[in-house]
Amino acid sequence: MTKPLAGQEVAKQIERQIPKAVLESNESWVVIDPDSLLQVAQFLQTTPGLEFDYLNCIAGVDYLDYFEIVYHLSSIQHNHSLVLKVRCSRENPQVPSVVSLWRGADFQEREIYDLLGVTFVRHPNLKRIFMWEGFQGHPLRRDYL
Amino acid sequence: MEVEKGGFDFPLEEMDLNEGRQIEELMSRSQQPLPDPDDWLEEEISRNVLVTTIDKVFNWGRHYSVWPAGAGMLACCAMEFVATGASRFDISRFGMEIMRASPRQADLMIVAGTLTWKMARALRLLYDQMAEPKWVVAMGACAISGGTFAHSYSVVPGVNRIVPVDVYVPGCPPRPEALLYGIMKLHKKIDERSVREDLVDLRRLIPGRGK
Chain U
1197 MTKPLAGQEV AKQIERQIPK AVLESNESWV VIDPDSLLQV AQFLQTTPGL EFDYLNCIAG
1257 VDYLDYFEIV YHLSSIQHNH SLVLKVRCSR ENPQVPSVVS LWRGADFQER EIYDLLGVTF
1317 VRHPNLKRIF MWEGFQGHPL RRDYL
Chain L
389 MEVEKGGFDF PLEEMDLNEG RQIEELMSRS QQPLPDPDDW LEEEISRNVL VTTIDKVFNW
449 GRHYSVWPAG AGMLACCAME FVATGASRFD ISRFGMEIMR ASPRQADLMI VAGTLTWKMA
509 RALRLLYDQM AEPKWVVAMG ACAISGGTFA HSYSVVPGVN RIVPVDVYVP GCPPRPEALL
569 YGIMKLHKKI DERSVREDLV DLRRLIPGRG K
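Chain order of the listed sequences is U and L. So the first sequence is numbered by this note's numbering: it starts at 1197 and just counts up by one. So the second sequence is numbered by this note's numbering: it starts at 389 and just counts up by one.
Same shape as in the complex, but just chain U:
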């Protein structure tokens, strides 16, 4: 069984390396400042003992006040997992893309861009994936009619 790592423990490790990156943490997840997401992701991917080499999935959540992007990470080598979260405002929904670190993020980021309207900065091919070009709006936003 994959062992879920406690958020606070990993948060402490991140804090030591990248100060002010962690906004919030508990036993289940870590919330990261979007500006340092790439740095943190790289840290999680390369640090011995963590080595999150696999991105299970990315989810986008609309909390009405803000959007939250949830990254489910696993390490195949150590058989443990971690949930990473990033929040962005509704007015300017921008999050750095992690495609450069995990190729599997490509389609999922496009999906979130398509359905939720979150822009992933520096994504290699950010365009709609489910809806067709020219479709108006982002249908999984909770204010979409």
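Just to be clear, a hint being listed does not mean it is correct.
Said to hold, decoys possible - Cβ-to-Cβ under 10 Å is the rule here; a few derived chain L residues that face chain U:
(1) T504
(2) W505
(3) Q517
(4) S540
Don't read these hints as lab results, they were simulated from the structure. Note that the structure is a prediction, hence the values are computed from the model and not measured. Glycine is no exception: its CB is placed at the ideal position from the N, C-alpha and C atoms.
Given the structure of chain U, go ahead and fit chain L onto it with the hints provided.
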């Protein structure tokens, strides 16, 4: 009860003699060739020609060989469609077991499931590629009207906006019996067709012939 050795009622020599007698009898009976069963045809032919309408012949052929396209396997209705094709419900009783992978060889498109606007183009293309005469069965609530997703941003509210539908089979999903009933309804529809309609179509294709 004690069984006799060998279990025969009479000695083996008796059996051989009996067989010999039968062969002799058959031989004596078979000295002349049997009469040709077609001998009477020449004089009787007028009594044995069936007169029917060309419609009946065509519809009979079409009725018993409606080949469905493996198209429109869109959602959960496809499971019931598959069950209909399998041995328990056995669509081959209607001469329909040949699911064609190519629309060009199919007569019937069973749209089984939710059709999205993005898929609609492909469905229309498949329909256009099918050779005449062709029929469409809308299977399940989603195909009929969009079902639960009728007001969704991505779902076509009824496949009859994309292709003309001949038979609607309600249900969510419909049981295989329901689909078979729908197919039988379609058979009825086929039986009432006239080739004249096809001839009109044909004439339109030949330049300078008819309207």
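Hint by hint, here is what the structure shows:
1. T504: 9 Å, holds
2. W505: Interface hint status for W505 (chain L): holds (7 Å vs cutoff 10 Å).
3. Q517: At 22 Å from the nearest chain U Cβ, Q517 (chain L) fails the 10 Å test, so the hint is violated.
4. S540: 8 Å, holds
Violated hint: 3 only; the structure is consistent with all others.
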